[in-house]
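Participant: The task is simple: from the sequences and hints, build the whole structure.
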Amino acid sequence: MTWSYRQRWGDDWLANIVPRGKLEAWERRRDAEREKRAVRGVAAVPENLLDYSNLYDLILILKTHWEPLAPALGSQRSFIPLLGRLETLRDAIAHGRPLLPFEHALAAGIAGDIRNRVTIFMSTQDQDGQYFARIETARDSFGNQVNGPMQDTGSIGGCRTGLTVRPSERVQFDVVGWDAQGRELHWGLHVRHRRVDAGTGNETTLTWNVATADIGAACTVMIAMWPEPSEYRRYNEGGSDGRAFFYYKVSPPLPG
Numbered sequence: 001m002t003w004s005y006r007q008r009w010g011d012d013w014l015a016n017i018v019p020r021g022k023l024e025a026w027e028r029r030r031d032a033e034r035e036k037r038a039v040r041g042v043a044a045v046p047e048n049l050l051d052y053s054n055l056y057d058l059i060l061i062l063k064t065h066w067e068p069l070a071p072a073l074g075s076q077r078s079f080i081p082l083l084g085r086l087e088t089l090r091d092a093i094a095h096g097r098p099l100l101p102f103e104h105a106l107a108a109g110i111a112g113d114i115r116n117r118v119t120i121f122m123s124t125q126d127q128d129g130q131y132f133a134r135i136e137t138a139r140d141s142f143g144n145q146v147n148g149p150m151q152d153t154g155s156i157g158g159c160r161t162g163l164t165v166r167p168s169e170r171v172q173f174d175v176v177g178w179d180a181q182g183r184e185l186h187w188g189l190h191v192r193h194r195r196v197d198a199g200t201g202n203e204t205t206l207t208w209n210v211a212t213a214d215i216g217a218a219c220t221v222m223i224a225m226w227p228e229p230s231e232y233r234r235y236n237e238g239g240s241d242g243r244a245f246f247y248y249k250v251s252p253p254l255p256g
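Residues in the sequence shown are numbered from 1 upward in steps of one, following full-length UniProt numbering.
Among the clues, some could well be false.
What the hints assert, rightly or not - Taking lysine to any residue pairs in the SDA-like style, the calculated list, with each CA pair at most 25 Å apart, reads:
#1 22 <-> 80
#2 63 <-> 52
#3 36 <-> 147
#4 63 <-> 3
It is worth saying that the hints were derived from the structure and are not from the lab.
Facilitator: Next up, the structure:
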């Protein structure tokens with residue numbers, strides 16, 4: 001949605017197609033979430049206002065502005081009912097009703113269908129996307145997050161967190177990736193050019209146990225991802241298809 005609408009209406013696409021009152025409601029939700037989570041020690045919350053919308057809000061946007069999405073999602077007549085089923089399942093969860101096994105499978109199947117449509121479309125925007133895997137999101141345990149690229153460039157850039165951590169503290173990173181060929185994804189967490197954790201799967205959690213060797217005014221944490229089996233890498237020098245970076249300050253332990 002973001003990529004297609006930005007192509008049509010530019011960076012201010014959200015303000016061009018969503019009523020101001022609705023945007024203000026989403027802004028209030030974001031501010032309330034920021035205040036609530038700050039009490040729990042979360043340093044950041046998502047800034048994208050779409051993260052604070054309801055599914056029915058998104059469905060209305062899609063119905064009203066379908067044309068830019070058609071190349072990626074196909075027929076509105078066949079796609080919108082899929083979202084309707086998801087909305088029904090989300091309502092059940094919101095009202096405390098557990099999903100039955102077949103409902104879990106249905107939700108996973110719909111999500112997989114949507115993901116495949118988007119992946120196939122984005123691959124046409126970057127032919128390398130048909131072969132190389134990509135990172136979609138990476139989020140640290142403070143709430144700082146970097147999202148996938150507008151096009152399949154593999155690397156999703158960096159987040160300057162502005163945070164200070166110390167040895168013996170632990171920072172976790174929840175990561176999500178996708179490969180158009182369905183290969184198993186492998187992940188590596190690197191701090192100051194040494195690997196400190198690894199994982200596999202489309203979704204996993206990587207852990208950085210901050211060490212004295214990490215102390216410094218600028219500490220770069222790199223998340224690398226690659227599929228197996230694979231003969232080629234998007235980034236030969238790093239042996240990966242996708243990379244994401246977080247930046248921290250690491251101070252010495254407190255006295256005593």
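Participant: Within 25 Å, alpha carbon to alpha carbon, are residue 22 and residue 80?
Facilitator: Holds, because 21 Å separates the two Cα atoms, which is no more than 25 Å.
Participant: Starting from residue 36, check that the Cα of residue 147 is at most 25 Å away, please.
Facilitator: It holds: about 23 Å lies between the C-alpha atoms, which stays within 25 Å.
Participant: Taken at face value, is the distance from the CA of residue 3 to the CA of residue 63 at most 25 Å?
Facilitator: 17 Å, holds
Participant: Quickly compare the C-alpha distance for residue 63 and residue 52 to 25 Å and report which way the hint goes.
Facilitator: At roughly 19 Å apart (the allowed maximum being 25 Å), residue 52 and residue 63 satisfy the hint.
In summary, this structure violates none of the numbered hints.
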